[in-house]
Amino acid sequence: MSTASPAGAAEYAIELRDVRKSFGKTQIIRGAHLAVRPGERVAIIGPNGAGKSTLFNLISGRFGSTSGDILLHGRKIDGLKPYEVTRLGLARSFQVSNLFTRLSVFENLRCAVLWSLGYKYAFWKFLADLRDANDRAEEVMKMLKLDKRRDVQAMNLTYAEQRALEIGITIAGGASVILLDEPTAGMSRSETARFVNLIRDVTAGKTLLTVEHDMGVVFGLADRIAVLVYGEVIAFDTPERVRANERVQEAYLGSVLADQQAAHAGGH
Amino acid sequence: MAHSHDTRPRYRFKPWNVGRWVIWSLFALVLLVAPMVFSAGFAVSLLSQMGIAIVACLSYNVLLGQGGMLSFGHSVYTGLASFVAIHALVAAGAGTLPLPVSLIPLVGGLAGAAFAVVLGFVTTKKAGTPFAMITLGIGELVFAMSLMVPEFFGGEGGVSGNRAAGKPFMGISFGPQIQVYYLLAAYTFVCTAAMFAFTRTPLGRILNAVRDNPERVEFIGYSTQRVRYIAFIVAGFFAGIAGGMYALNFEIATAEVVGAARSGAYLLFTFLGGAIFFFGPVIGAVLMVLAGALLSEFTKAWLLYLGLVFLFMVMFAPGGIASLIMMNLRVAAFGKLRPFLASYLALFGTGVAFLLGSAALIEMVYHLQLGETIGSELNFLGATLDINSFDSWFGACFVLLVGAVMFEMTRRQFVREWDHAQEEIEREIKRREAAI
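Protein sequence lines correspond, in order, to chains A and B.
Under numbering that gives the first Met the number 0, read the first sequence as residues 0 to 267, first letter to last.
Under numbering that gives the first Met the number 0, read the second sequence as residues 0 to 435, first letter to last.
No lab work stands behind these hints, which were simulated from the structure alone.
As the structure is a computational prediction, the values presented were derived from the model and not from experiment.
No residue lacks a Cβ here, since even glycine has one placed at the ideal position from N, Cα and C.
Hints should not be assumed to be uniformly reliable.
Calculated pairs, DSS-like style, for lysine-lysine (alpha carbon to alpha carbon, straight line, at most 25 Å) [said to hold, decoys possible]: (1) A:Lys80 x A:Lys119; (2) A:Lys141 x B:Lys125; (3) A:Lys119 x B:Lys125; (4) A:Lys119 x B:Lys124; (5) A:Lys147 x B:Lys429; (6) A:Lys80 x B:Lys125; (7) A:Lys80 x B:Lys124.
Chain A is nowhere near these chain B residues, computed Cβ spacing over 12 Å in every case [unchecked claim]: (8) Ser24; (9) Pro34; (10) Gly127; (11) Gly203; (12) Ile205; (13) Ile219; (14) Glu296; (15) Leu303; (16) Met312; (17) Ile373.
Next comes chain A alone, as it looks inside the complex (with noise of 0.2 Å):
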C-alpha cells in the first residue's frame, strides 16, 4: 500500500480519503475522496460554497480535518503545520494575492526560496552572498516577466503583476505539488490567456491542482477535472467525459454559464 513506500515511489502524489471537515454543526467538506498522480494537472471545479477554497486549506495545513486521510506522496501530513507541509515540498497560492508587501520583488522570491535551499533561520551569513538563492530569484522574476520590476514594492504592483507574483512565490520554492487557488481571478481574457500558458510553463513537470472558475481555463489547462458539490468529489475524470457526465451536468456544468456571468459581473 502506498502509505508504506518511500516518498519517491509513491503512487499518488496526493491523496484524499473520506476527508472531512466541519466548521460547527456544519459540515463543508463530506467524505472526499481523491487521488492524484504525480505530474498531473487537475482542475477541481464546483459551484460556489461547494468546499473548494476549504479543501485546499485542510490540503496545505492551514485548517485540520475532522476526520480523514490526507497523504503527500504516501505520507500522512494532516495534523501538520502549513510550514511543516510546505517542507515536505507542497506549495500553495491564495486567491486573494498574499505577499510580502513592503518588500521588493525580487526579495519576495527570494524569500520563498530561502527555506528550501537549506538557509533556514541563518543569521551568519549575508543574503548578498547567497548565490543559489539570488539566481533562482532571478530566474523565477524572468520567468513571470517581472525582471523591469524588480525593486518595486509589491504593494505598488499592478493587479495582474500581484497575481504573477504571488504565482512565483508559490513556484519559486521548488515545490514538486503545487496548489493554485483561482489563480485567474479578476483577471481580463487576455491577460487570463497569456496567465495559462505562464502556469503551464512554471509547473512543468510537477504536479498541479488548481481550483478555477474559468472553463476555459480548465478545459485548457487540466489533464483530469474533479468536480466538488457539496463537499463531496462527484466525478473526477478527463474533461471530455466530465463534461458528459449527466451527473455533473446536473449538479453543476448546467448552471455553470449563468454562475460564470454572475461571477462576471460582481468581479469576482
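Fit chain B to the supplied structure of chain A, relying on the hints for placement.
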C-alpha cells in the same frame, strides 16, 4: 554552486555600496571627534548617554520596525541587564570575578539574551495585539519584582558599583568620563554595524516578511513563531549590551531602569526617529538624550511638549524623521527640491508662530498651577507674561490662532505641491523603466 564560473554578476547591490563605506566611515569619525568638539564634562556625559540610547533604540527597532512587534516592555531587557552588569562590576571590583571592566557590556548582552530566551518564549507565542499586551504585562511584573526582591535590585537605593576599581591597563582606568566615552563609542559602533548586518541576513529578511505578512511566511516554510523568537533574543542581546553600557556609565542601577516610562521612551523616540529605516532610531536616540537633558532644563512642561510632538508626527509624518529625510532626498535626486525651499520657509515661520503661541499658553497654565507663591509674572523667552493680565492671555491666544490658521493654509498648499511633485517623479520612474 560548485560548477559555476565567476562570470555572473555578484549580487552586491547597486551604487549604495560606495556610499555605504562613506556613511560608516563618517559615523566612526563622528563618534571619534564628537567629544573633541563638545569637550565640556556635561557634553561628554551626554554623548555617552547618546551612545547607550542608540544601541537601545536600534535593538528596539529590531522588534518594531523590522519585525512589526510592538513591545511595551523593552526596558525589561535593558534594565535587567543593567542590574546583572552592575553586580558583575561589583564582583569584578571585589576580585571575585576575573573580568576586565571593558567587557561588562558584553555581560549585559548575555544577560539580556538570557532573559529574552526565557521571557521571550512566552511573549513571542503571539503576535500583534496579544504580543503587545504580554510585553506590557511582563514589564509590570518585572517592575513589581524590583521592589520585592531587594537582594538583586537593591531596594529603593538601587545597586551601585565602581568602574575604576579594577587595575588600570595601559593607563586606562575608566575613571575619567572621556575614557568611558570611547569604550561606549566602540560598543556603539560595533553594535550598530552588527545590527545593520543582521538586516542583510536570511533571518533578518524573513523577519521583514513576518512583519508584512505572517500568514504567507508559514507557506514558504518558516515558523513565524520561531522567527519572532530568535529575533526577540537578538533584540534582547543588544538591549542587554545597552543595559551593560548604562551600568558602566552611571555606575548605578535603580528600579527606574526597568520601569514603564523607559519602555515608553524607547517606543516614542524610535518612532519619532523613524522605524521604517535602519538609521531612524539613531536620530531618535540622539533626540531622546537631548530631550531628557536639555528640554527638561528649559521647562517643567517638557513631557507635555514631547507628547505634542509625538502626536504631531503620528498625524503628519508617521514614518518619522528618517522618512522625512529620505522623501526629501528622493525629491532632491529628481532635481525638484528647489521650489519647495520657499514652502519650507513658510511652514517654518508659521509653525514657529503656532509653537510660540501654544508654548506661551502652556507655560502660563503651568504657572497658574504652581500657585501665587511665586508671583503672577513669568519670563517667557525674554518676554514678561502676567497670568493676571488679560493682554497676556489674549496675546498668546492670538498668536496661537493666527499661527495655526496660517500654518494649516501653508500646509495645504504644500501638500498639493508635494503630491504634484511625487506624481511627476512617478511618471519619470515609469519612463526610465520603459527605457531599460
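Okay, the hints, checked on the actual structure:
Only pairs whose Cα atoms come within 25 Å are accepted, and lysine 80 of chain A paired with lysine 119 of chain A is accepted, the gap being roughly 16 Å. A distance of roughly 37 Å separates the Cα atoms of lysine 141 of chain A and lysine 125 of chain B; the hinted pair therefore is violated under the 25 Å criterion. Among the hinted pairs, lysine 119 of chain A with lysine 125 of chain B is consistent with the structure: their alpha-carbon atoms are about 21 Å apart, no more than 25 Å. The hinted pair formed by lysine 119 of chain A and lysine 124 of chain B meets the criterion: a straight-line CA distance of about 19 Å does not exceed 25 Å.
Restraint check: the Cα-Cα separation between lysine 147 of chain A and lysine 429 of chain B comes to about 10 Å, which is no more than 25 Å; the hinted pair holds. With a CA separation close to 16 Å, the supplied pair lysine 80 of chain A and lysine 125 of chain B stays within the 25 Å bound. Of the supplied pair hints, the one linking lysine 80 of chain A and lysine 124 of chain B holds, its CA atoms being roughly 15 Å apart against a limit of 25 Å. Against the 12 Å criterion, serine 24 of chain B stays outside the reach of chain A, whose nearest CB is about 20 Å from its own CB.
Consistency note on proline 34 of chain B: stated as away from chain A, and its beta-carbon is indeed over 12 Å from all of that chain's, at 33 Å minimum. Every Cβ of chain A is farther than 12 Å from the Cβ of glycine 127 of chain B; the closest lies at roughly 16 Å, confirming the non-interface assignment. Against the 12 Å criterion, glycine 203 of chain B falls within the reach of chain A, whose nearest CB is about 6 Å from its own CB. The Cβ of isoleucine 205 of chain B sits about 6 Å from the closest Cβ of chain A, inside the 12 Å cut-off, so the non-interface label is violated.
Interface exclusion of isoleucine 219 of chain B from chain A breaks down, the closest Cβ pair being 5 Å apart, not more than 12 Å. With a minimum CB-CB distance of about 40 Å to chain A, glutamate 296 of chain B clears the 12 Å threshold, and the non-interface call stands. At roughly 34 Å from the closest C-beta of chain A, the C-beta of leucine 303 of chain B stays outside 12 Å, upholding its exclusion from the interface. Interface exclusion of methionine 312 of chain B from chain A stands, the closest Cβ pair being 20 Å apart, more than 12 Å.
At roughly 52 Å from the closest C-beta of chain A, the C-beta of isoleucine 373 of chain B stays outside 12 Å, upholding its exclusion from the interface.
Checked against the numbered hints above, the structure violates hints 2, 11, 12, 13; every other hint is satisfied.
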